[in-house]
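S.K.: Chain by chain, the residues:
Number of protein chains: 2
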Amino acid sequence: MKIPVIRNILEANERIAEENRKLFEKEKVAVINLMSSPGSGKTSLLECTIDAVKDRIRMGVIEGDVQSTRDAERIAEKGIPAVQINTDGACHLDGNMVRNALATFDLSQLDLLVVENVGNLVCPAEFDVGEDHKVMILSVTEGSDKPEKYPLMFHESSVLLVNKIDLLPYVDCSVEEIRDISLRINPNLEILEISCRTGEGIDRWADWLLKQIKK
Amino acid sequence: MKIPVIRNILEANERIAEENRKLFEKEKVAVINLMSSPGSGKTSLLECTIDAVKDRIRMGVIEGDVQSTRDAERIAEKGIPAVQINTDGACHLDGNMVRNALATFDLSQLDLLVVENVGNLVCPAEFDVGEDHKVMILSVTEGSDKPEKYPLMFHESSVLLVNKIDLLPYVDCSVEEIRDISLRINPNLEILEISCRTGEGIDRWADWLLKQIKK
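In the order they appear, the protein sequences are chains A and B. Under my numbering, the first residue of the first sequence is numbered 1, with each subsequent residue one higher. Under my numbering, the first residue of the second sequence is numbered 1, with each subsequent residue one higher.
These are computed hints drawn from the structure, not numbers from a lab. For each residue, glycine too, the CB sits at the ideal point set by N, CA and C. It is possible that some hints are incorrect.
[What the hints assert, rightly or not] Looking from chain B toward chain A, a few residues come up when the C-beta cut is under 8 Å (computed):
1. Arg-21
2. Ser-37
3. Val-66
4. Gln-67
5. Ser-68
6. Arg-70
7. Glu-73
8. Phe-105
9. Leu-121
10. Glu-142
11. Gly-143
12. Lys-149
13. Val-159
14. Leu-167
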């Protein structure tokens with residue numbers, strides 16, 4: 001599907017992403033591109049992240065989904081500015097979609113913008129949106145073979161959040177294997193074990209996030 | 001990414017998929033295109049399906065992954081002919097990839113061919129590979145909002161397997177909500193609750209599968 005045109009499209013995307021990046025630099029907004037499979041817990045992570053940091057920084061969220069506004073509604077309930085992008089079939093966000101969504105924010109009033117990508121372990125990793133860091137989630141329910149089968153996202157990310165560790169007693173998944181293979185793919189990857197359900201590890205994730213703030 | 005060329009590519013794919021379909025008809029091979037998010041249990045389902053039906057029918061498997069041969073190795077261990085397609089970045093299989101893989105099978109000796117697609121809840125549903133039925137898995141760990149957020153696959157599938165129901169006591173997921181929304185999207189969808197871990201529901205799934213056999 002993408003072979004015939006991928007170079008041109010990636011180059012065009014790169015230009016727009018660079019423009020976004022310059023704007024974020026100018027406004028001193030730290031930007032995270034949050035990626036994972038469907039149902040790994042991206043929106044749940046955002047909910048507990050907001051609870052953990054909202055008294056210390058000003059945060060905004062762009063939600064990317066093929067359809068529905070469920071995720072933006074969940075974020076808005078937390079009292080955080082949120083906008084929903086519906087990709088109408090496309091399996092990832094790109095620089096242009098994010099640029100169009102930026103018009104709804106006053107960036108001078110934000111310290112952190114999190115872009116929650118479409119749930120997909122493949123394509124989102126190919127498309128820069130102008131972020132400072134790509135952060136990915138892998139749920140332990142997905143199994144420890146995922147880094148080997150979908151290496152690009154592990155390679156491109158700064159942080160891997162291994163989520164739903166409260167379910168480890170009930171699933172066949174080795175966090176050690178996830179660590180080993182992920183670090184072979186990306187030796188600089190920061191790996192944090194978390195549970196959005198119990199709150200375990202969220203403090204360490206919030207610490208990492210607060211270190212990225214520029215204002 | 002796909003907008004500029006999607007019509008031509010989908011049309012070209014449709015032609016190849018139709019050729020595959022004619023070949024499958026001629027050889028009387030029932031073909032299932034198995035789709036889901038990464039880690040929902042496609043390969044585990046195939047392992048227990050093989051155990052359930054291999055004394056009654058002759059089965060082959062095409063494994064689709066971005067990288068690695070892990071899944072084809074797991075299937076081959078069950079004594080079933082299996083071939084691995086590596087898409088090298090592409091987030092779905094298409095008719096041409098499947099056609100190329102067919103050369104490794106003697107179709108006259110097969111009753112059932114299962115094509116396990118790349119783990120992705122979006123794009124695989126757009127690409128016919130010549131199958132008789134699309135079958136999808138949703139794991140209860142992914143949450144009950146998935147039909148509304150990724151409706152196309154639910155719309156295109158003949159069967160929805162709700163997997164990992166052994167984990168229901170530990171996750172926030174309503175199978176009733178999955179049923180309600182899925183049936184609103186696709187009133188003809190057959191929904192079966194299963195656990196590849198405990199074997200629950202696999203007999204009903206095997207019954208459905210055996211009804212599709214043409215020889």
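S.K.: None of the hints should be skipped; say for each whether it holds.
M.R.: To see whether the hints hold, each was checked on the structure:
no.: 1; hint: Arg-21; result: violated, 20 Å
no.: 2; hint: Ser-37; result: holds, 5 Å
no.: 3; hint: Val-66; result: holds, 6 Å
no.: 4; hint: Gln-67; result: holds, 6 Å
no.: 5; hint: Ser-68; result: holds, 5 Å
no.: 6; hint: Arg-70; result: holds, 5 Å
no.: 7; hint: Glu-73; result: violated, 11 Å
no.: 8; hint: Phe-105; result: violated, 23 Å
no.: 9; hint: Leu-121; result: holds, 5 Å
no.: 10; hint: Glu-142; result: holds, 3 Å
no.: 11; hint: Gly-143; result: holds, 5 Å
no.: 12; hint: Lys-149; result: holds, 5 Å
no.: 13; hint: Val-159; result: violated, 19 Å
no.: 14; hint: Leu-167; result: holds, 6 Å
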